[in-house]
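Participant: So you can see what is in the structure, the chains are spelled out below.
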Amino acid sequence: MNAPRLTKNPFHVLGVPPSVDRMEAERAGQKLLALIDLGHASTAEHASPIGPRPLSGDDVRLALSALRDPTTRVMAEAAYLPPAPAPKAEPPIEWAAIAARLSRRRPFFP
Amino acid sequence: MGSDRRPAVTEAAIFPVGFVGLLALYLLRGFYENHRQHTESGRPRGKGGSADTPTDGAVPLFAIVRLGLLMVALCIGAVDLRTTSAVATLGGLAALGAISAVALFPSWAMELLAVRRGRSQLAWIATRFLAPWWSRIDPEHWSGLQAARAALRQTSPSQRTRNYLGRGLGWKRPLRSATQLVGRGLAFAAVGKLAEARTVLGAATRLLPSPGRAGAIRLARGWLIADSGARGDWADVLRRCRDTAASPEDAAIGDIVAAELGIPHGGVSLEPDELLWRPSTWWLRHRAAAARAQQPTEPAPRPSQSGDPHLDALATHAWLITLPPHHRTQAAFSLHTGRWLAARATGGAAIGRRIATLGARTEPAAVFDAVEEGLILDLVELFDRDDDGAYPAGLGASAPAERARERVATERIEAYVAQCEALSGSGTKMSQLNAWLRWGEARTAWERVSRIASRHERTSALQETNGTVCSFAVDRCNEHEEFLLSWDVFRWLESVSVAHDITTDLALFRSNRQVTE
Chain A
35 MNAPRLTKNP FHVLGVPPSV DRMEAERAGQ KLLALIDLGH ASTAEHASPI GPRPLSGDDV
95 RLALSALRDP TTRVMAEAAY LPPAPAPKAE PPIEWAAIAA RLSRRRPFFP
Chain B
171 MGSDRRPAVT EAAIFPVGFV GLLALYLLRG FYENHRQHTE SGRPRGKGGS ADTPTDGAVP
231 LFAIVRLGLL MVALCIGAVD LRTTSAVATL GGLAALGAIS AVALFPSWAM ELLAVRRGRS
291 QLAWIATRFL APWWSRIDPE HWSGLQAARA ALRQTSPSQR TRNYLGRGLG WKRPLRSATQ
351 LVGRGLAFAA VGKLAEARTV LGAATRLLPS PGRAGAIRLA RGWLIADSGA RGDWADVLRR
411 CRDTAASPED AAIGDIVAAE LGIPHGGVSL EPDELLWRPS TWWLRHRAAA ARAQQPTEPA
471 PRPSQSGDPH LDALATHAWL ITLPPHHRTQ AAFSLHTGRW LAARATGGAA IGRRIATLGA
531 RTEPAAVFDA VEEGLILDLV ELFDRDDDGA YPAGLGASAP AERARERVAT ERIEAYVAQC
591 EALSGSGTKM SQLNAWLRWG EARTAWERVS RIASRHERTS ALQETNGTVC SFAVDRCNEH
651 EEFLLSWDVF RWLESVSVAH DITTDLALFR SNRQVTE
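Protein chains in written order, with our numbering: chain A, 35 to 144; chain B, 171 to 687.
It is possible that part of the hints are untrue.
As the list claims (entries may be wrong) - One side of the interface only, derived from the structure: several residues of chain A facing chain B at Cβ under 10 angstroms:
1) L40
2) T41
3) T105
4) T106
5) A112
6) L115
What the hints assert, rightly or not - The following residues of chain A were derived to be distant from chain B, with all beta-carbon distances above 10 angstroms:
7) P51
8) V54
9) E60
10) R61
11) Q64
12) A68
13) L72
14) G73
15) S76
16) T77
17) A78
18) A81
19) P86
20) R87
FYI, nobody ran anything at the bench for these hints, they're computed from the structure. Ideal Cβ positions, reconstructed from N, Cα and C, are used throughout, including at glycine.
Using the sequences and the hints given, assemble the complete structure.
Facilitator: This is the structure:
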């Protein structure tokens, strides 16, 4: 049994809602594959209910395969939860760089 | 008038008779201890044979002699200081002061001049011959430990230092003391074998603390805490700092890290400001602050009910698997279970309609089973990743969280059983260091089991493996005279048997522990 995961739901991977028909899902997947082949920056991650997750061409192909089969599609629909809104981008704190400059290469005794 | 001024005489004005005598006594005492320990090294451990047991050296007497000689030296130096040059007088006094400081505080001088400057050989020699003067505990192996500490201070140990640590510290002798074990662990760390260092030092920290082992175990725990901080494994830092055997300094570091990460802590054991001046503490605080910036300190509020039980169940699942470990509670698991069971009970009709629309060849129950399997896989991944939060208990076999816990517990028990079989599989050919490494790995595997497995599961696993572990300890004791390792194994077997009410072989474990003690 190919269990639909909340973190890798085919609809999240393709970036489409469960209301799309098969042809729309197919078009979205092919477009995504083309963008991944081009190395487009927007295809590095996909949205999910627990935040952005890494995305690869294999994920897209698996998602397309799951949505072509009515049985696995209904399972994916049953496991679908709208993705969480993207978090606000905050400037990263350079603590790691500061610590690397001031600390030694190897841990030492407190 | 006038010509009776004495010429400036600085040479040989300070003849350190006392210091020469002092040095001779230091060396004599060092050679005496060396000779005494070598003559005892072939003796099986029994009463008085433990390297962790303080010896009955006349340290107070020698300390008085040392102080007396120093006073004599100071008197001779003061009387013989015949000079009219103020610069020479100040120089002589400064030299006298420096020598006096070294003579009065040899351990601090050795720490500053040898260990902190990364001089391994100097640290070994100084500790080997001078340690009997300030410590009665295992000076032979303490010297190896100090040499390894000095090597740790080097940014990149030279090949000469590596060879010295590898060959020159008597590594082929039986491991009989915690000091020896910690010295080898630190030597592993110094040459970059960090995985081995973690295992060996972890085994040392699990030894029962005693006055003879406290210093070495404190060093091992300090290294492990710093190492966990360097890897960003703050859960491990907190676990080690909150251990009942942790020193007040380690506990204070744990308080600092907990405060920086926003984790509730049971009270501050030391004023953190006392430790702020230390570079290592500064480094830990700022690494912890960086980790805090990456994770939310306040968990998301529990999802409210929207009227659709199915969506509510999925939203609760998403909320649960994103909770920080210290906010993962039994109440959260109960909510997750309750909402999922409600979704299963009420959502069949909607799923059935969708199946009919799509023309799928399945049943609503099979769809729910597939979704539930996905939830379980998410939770298994969560339990494997964040091992520091609570685990579900008493939710019933139908709860996805309980089934995920059972899967992870079964996997960990299988890993522990495999480690125990590896202990016996190598037989007598295993080197003593490999025996410690394997035993450390088995203990680590058991700790992972004990965090998640139920009492019944743990008892079954112990009943299956205790005999194998006992055979391993008997073999290491009888064939290799590794009494410290055997004692540690028997003590652990006895304690887990008592904790789980396993009476089989308990008397054997107890008597073997007493024999190897």
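Participant: Each hint: holds or not?
Facilitator: Going through the hints against the structure:
1. L40: Holds, because the Cβ-Cβ distance from L40 (chain A) to chain B comes to roughly 6 angstroms (cut-off 10 angstroms).
2. T41: This interface hint holds because 6 angstroms falls under the 10 angstroms limit.
3. T105: holds, 4 angstroms
4. T106: Since chain B brings a Cβ to about 8 angstroms from T106 (chain A), closer than 10 angstroms, the hint holds.
5. A112: Nearest chain B Cβ about 5 angstroms off; hint holds.
6. L115: Given a least distance of 4 angstroms, the restraint on L115 (chain A) holds.
7. P51: The claim stands: P51 (chain A) keeps its Cβ more than 10 angstroms from every Cβ of chain B (closest is about 14 angstroms).
8. V54: holds, 13 angstroms
9. E60: holds, 15 angstroms
10. R61: Per Cβ check, R61 (chain A) is outside 10 angstroms of chain B; nearest 19 angstroms; holds.
11. Q64: Q64 (chain A) is indeed farther than 10 angstroms from all Cβ atoms of chain B, at 22 angstroms.
12. A68: For A68 (chain A), whose nearest Cβ neighbour in chain B is about 28 angstroms away, the distance exceeds 10 angstroms, so it holds.
13. L72: Non-interface label stands for L72 (chain A): nearest chain B Cβ at 31 angstroms, farther than 10 angstroms.
14. G73: It holds; G73 (chain A) is separated from chain B by about 27 angstroms at its closest Cβ, greater than 10 angstroms.
15. S76: Nearest chain B Cβ is 23 angstroms from S76 (chain A), so the label holds.
16. T77: T77 (chain A) is indeed farther than 10 angstroms from all Cβ atoms of chain B, at 23 angstroms.
17. A78: Consistent with the label, A78 (chain A) stays out of reach of chain B, its closest Cβ about 18 angstroms off (over 10 angstroms).
18. A81: A81 (chain A) is indeed farther than 10 angstroms from all Cβ atoms of chain B, at 12 angstroms.
19. P86: With a cut-off of 10 angstroms, P86 (chain A) remains clear of chain B, as the shortest Cβ separation is near 12 angstroms.
20. R87: holds, 12 angstroms
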